[in-house]
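If you want the building blocks of each chain, they are given just below.
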Amino acid sequence: MSDQNAQKKQVPAIQGWFTMPPQEPHIIASKCSLCKGYFFPPAQVCRNPNCKKDGAMESVMLGNKGKLEAWSVNYFSPPPPYHAPDPFVPFGVGMVSLPEGISITGQISSGYDEKNLEVGMDMDVVIEKLYEDSQGNDVMAWKFKPAHR
Amino acid sequence: MNEVAILGVAMHPWGKIKDKSVPELNLEVAQKALKDAGLEWKDIQFVVAGSDPWSGVDGLLAGCRLSQKIGNNGIPVVNVYNACATGGYALKTAQAYINSGFCDYVLVVAASISPSGFFGVTTVGREDDPNDLDSQRFRILGLTNPTGFAFMATYRMHHYGMTENDLALVKVKNSKFGALNPLARFKKPFTVEDVLKSPMVTYPLRLYELCATSDGAAAIVLSSMKAAKKHTRKPVRLASVGIATPKYPDPRSGGYGLDIASDSGDLEFANGMGVRAAYNAYEEAGIGPEDLDLAEVYDLSSAFELGWYEEIGLCKRGEAEKLLREGVTGMGGRMPVNTSGGCASFGEAIPAQAMAQVCELTWQMRGASGARQVEGVKVGFSVNAGKQGNCSATVVKK
Ligand SMILES: [Zn+2]
Numbered sequence: 047m048s049d050q051n052a053q054k055k056q057v058p059a060i061q062g063w064f065t066m067p068p069q070e071p072h073i074i075a076s077k078c079s080l081c082k083g084y085f086f087p088p089a090q091v092c093r094n095p096n097c098k099k100d101g102a103m104e105s106v107m108l109g110n111k112g113k114l115e116a117w118s119v120n121y122f123s124p125p126p127p128y129h130a131p132d133p134f135v136p137f138g139v140g141m142v143s144l145p146e147g148i149s150i151t152g153q154i155s156s157g158y159d160e161k162n163l164e165v166g167m168d169m170d171v172v173i174e175k176l177y178e179d180s181q182g183n184d185v186m187a188w189k190f191k192p193a194h195r
Numbered sequence: 003m004n005e006v007a008i009l010g011v012a013m014h015p016w017g018k019i020k021d022k023s024v025p026e027l028n029l030e031v032a033q034k035a036l037k038d039a040g041l042e043w044k045d046i047q048f049v050v051a052g053s054d055p056w057s058g059v060d061g062l063l064a065g066c067r068l069s070q071k072i073g074n075n076g077i078p079v080v081n082v083y084n085a086c087a088t089g090g091y092a093l094k095t096a097q098a099y100i101n102s103g104f105c106d107y108v109l110v111v112a113a114s115i116s117p118s119g120f121f122g123v124t125t126v127g128r129e130d131d132p133n134d135l136d137s138q139r140f141r142i143l144g145l146t147n148p149t150g151f152a153f154m155a156t157y158r159m160h161h162y163g164m165t166e167n168d169l170a171l172v173k174v175k176n177s178k179f180g181a182l183n184p185l186a187r188f189k190k191p192f193t194v195e196d197v198l199k200s201p202m203v204t205y206p207l208r209l210y211e212l213c214a215t216s217d218g219a220a221a222i223v224l225s226s227m228k229a230a231k232k233h234t235r236k237p238v239r240l241a242s243v244g245i246a247t248p249k250y251p252d253p254r255s256g257g258y259g260l261d262i263a264s265d266s267g268d269l270e271f272a273n274g275m276g277v278r279a280a281y282n283a284y285e286e287a288g289i290g291p292e293d294l295d296l297a298e299v300y301d302l303s304s305a306f307e308l309g310w311y312e313e314i315g316l317c318k319r320g321e322a323e324k325l326l327r328e329g330v331t332g333m334g335g336r337m338p339v340n341t342s343g344g345c346a347s348f349g350e351a352i353p354a355q356a357m358a359q360v361c362e363l364t365w366q367m368r369g370a371s372g373a374r375q376v377e378g379v380k381v382g383f384s385v386n387a388g389k390q391g392n393c394s395a396t397v398v399k400k
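For the record, the sequence lines run as chains A and B. Residue numbers for the first sequence follow the working numbering, beginning at 47 and rising by one. Residue numbers for the second sequence follow the working numbering, beginning at 3 and rising by one.
By construction, these hints were calculated from the structure, which means they are not laboratory data. Where hints are given, some of them may not hold.
Stated by the list, open to error - Estimated spans, in silico, between C-beta atoms of each pair:
{"hint": "1", "chain 1": "B", "residue 1": "Arg319", "chain 2": "A", "residue 2": "Glu70", "range": "48 to 56 Å"}
{"hint": "2", "chain 1": "B", "residue 1": "Pro117", "chain 2": "A", "residue 2": "Asp159", "range": "30 to 38 Å"}
{"hint": "3", "chain 1": "B", "residue 1": "Pro291", "chain 2": "A", "residue 2": "Asn162", "range": "35 to 43 Å"}
{"hint": "4", "chain 1": "A", "residue 1": "Lys99", "chain 2": "B", "residue 2": "Thr234", "range": "47 to 55 Å"}
{"hint": "5", "chain 1": "A", "residue 1": "Asp132", "chain 2": "B", "residue 2": "Gly163", "range": "35 to 43 Å"}
Unchecked claim - Quick partial rundown of chain B residues pointing at chain A, CB under 7 Å, derived from the structure:
{"hint": "6", "residue": "Gln70"}
{"hint": "7", "residue": "Phe140"}
{"hint": "8", "residue": "Leu143"}
{"hint": "9", "residue": "Gly144"}
{"hint": "10", "residue": "Thr146"}
{"hint": "11", "residue": "Thr149"}
{"hint": "12", "residue": "Phe153"}
{"hint": "13", "residue": "Tyr162"}
{"hint": "14", "residue": "Ser200"}
{"hint": "15", "residue": "Met202"}
{"hint": "16", "residue": "Ala263"}
Even glycine gets a Cβ: it sits at the ideal position worked out from N, Cα and C.
Whole structure, please, built from the sequences with the hints as guidance.
Below is the structure:
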């Protein structure tokens, strides 16, 4: 068993959208060098229609502390490509505003009792396992965890 | 003035329709609407059809397949799809062609046969394709449409004091109207207790506070005001059609919290494109919210209905719950909302739903809404919003 665990890899759900452990947990966005707009998921071209569009898009790590704007707890299994555990476990989802003025949606960190969620509460960005893929790897993504600040 | 005449309307009852295809449904409602208008198929000079994304090529080329069924006569046929606002975009297209002088008589038609349950991913590709944002919202976030709708609900609870009781009350109000509409799919009048007993789908939204996926069909025959004079002394008028899409940096500009992220900018949970569609319609009709006698608003969830009260200007931000609780938007109220029964009683037949709203307004203006008729109405309004931030609104006048 320990052998298997040793070979178990952590793979990002999408390459380049967030940092991977053991790095500090951050969501990675694009920042336009001209209009200074932030974009997530990362953008090749600035999505501000009033921007001249010939600026460089810089890859930046967004601040990893934010505030919960809105949330829900999903009690029914979403359709694929959601990889639901069997039996299904309800999970929290929230919209969190990050310091750059961008708001990102993510699942609430597993193990947190979603019933205690409250709009306005402090949240930390974490990188956690989403599901196990067919090769036995842990597929990782960003989630949000209520913080005690 | 951009107004055009609504000469004929027709709907197939909403439900889960097992025995008819999209072309058959379109044929049926087209013939009914033509009859209602006192016109024949050969009078129609232009067709705009809403496409049904779940019916293959028959659905995509809905207007062409209808034309083939009813008898090809060589006229232009446009097939459009703009999610829940498809009907609005179809009506806008028809209105623009009439007002450009290109044609006098247009048939607008749409039908849908949709899958049951949660609307899933409509794109097919590699599961980890970073450009397939719809797949990623399901895969990484587990974010179904109802959960996106629930964000607005927890936002309203926190900021405006909305309660679970208010959410139930919207369903109760709409089901009271729906019980009187023979075209509605759900005709049972609900009590608050009934609704609160239904299973929690995505907190705080319960099963009966969410719009079901339905099948249905609607057709509307429009004409220029000049041509209408040949057929009727005083036609109901489509005074305006407002349409809108997201505009940077609308918060959540892909629509309704269903995006993975917002643009950077104002983070208020606002429906910018819905507001713009509504005010485009007001402006084109030369009226304001104070002129309305009734409205059909898109209640994909109970919380959405409350949001619309504010977004279309029936009240200020944060006052929608008061309007609901005081019965202003209910049966016999000063400003009845969703006299058809709304999505709560119909479910959603996506490409036909915005047209169904206009059919209801037309019947209300004609005084033909039977037991749910609102007395003395002169100005009606409809508004909706859907995937990718597609929004539309109309003003219908007696
Ligand atoms: Zn820019």
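Each hint tested on the structure:
At about 38 Å, the beta-carbon gap between Arg319 of chain B and Glu70 of chain A misses the expected band of 48 to 56 Å. Evaluation of the 30 to 38 Å hint for Pro117 of chain B and Asp159 of chain A yields a pass: the beta carbon distance comes to about 34 Å. In this structure the supplied range 35 to 43 Å holds for Pro291 of chain B paired with Asn162 of chain A, their Cβ-Cβ distance being about 39 Å. Between Lys99 of chain A and Thr234 of chain B, the C-beta spacing of about 52 Å keeps the proposed range 47 to 55 Å intact.
Between Asp132 of chain A and Gly163 of chain B the beta carbon distance is about 39 Å. The supplied range of 35 to 43 Å therefore holds. A hinted interface residue such as Gln70 of chain B counts as satisfied when its beta carbon comes closer than 7 Å to some beta carbon of chain A; here the least separation is about 34 Å, so the hint is violated. For Phe140 of chain B, the interface hint holds, since its Cβ comes within 7 Å of a Cβ in chain A; the closest pair sits about 5 Å apart. A hinted interface residue such as Leu143 of chain B counts as satisfied when its beta carbon comes closer than 7 Å to some beta carbon of chain A; here the least separation is about 6 Å, so the hint holds.
The beta carbon of Gly144 of chain B is positioned within 7 Å of a beta carbon in chain A (closest approach about 5 Å), and the interface hint is therefore held. At about 5 Å, the closest approach between the beta carbon of Thr146 of chain B and any beta carbon in chain A falls short of 7 Å, and the interface hint on this residue holds. Given the 7 Å rule on beta carbons, the hint for Thr149 of chain B holds: about 5 Å separates it from the nearest Cβ of chain A. At its closest, the beta carbon of Phe153 of chain B sits 4 Å from a beta carbon of chain A; the interface hint therefore holds under the 7 Å criterion.
The restraint placing Tyr162 of chain B at the interface with chain A is violated, with a minimum CB-CB distance near 11 Å, outside the 7 Å limit. With 7 Å as the threshold, the beta carbon of Ser200 of chain B stays out of range of chain A, its nearest partner Cβ sitting at about 12 Å, so the hint is violated. The beta carbon of Met202 of chain B comes within 5 Å of a beta carbon in chain A, closer than 7 Å, and the hint placing it at the interface holds. Interface hint status for Ala263 of chain B: upheld, as the beta-carbon distance to the closest one in chain A is roughly 4 Å, under 7 Å.
Checked against the numbered hints listed earlier, the structure breaks hints 1, 6, 13 and 14; every other hint is satisfied.
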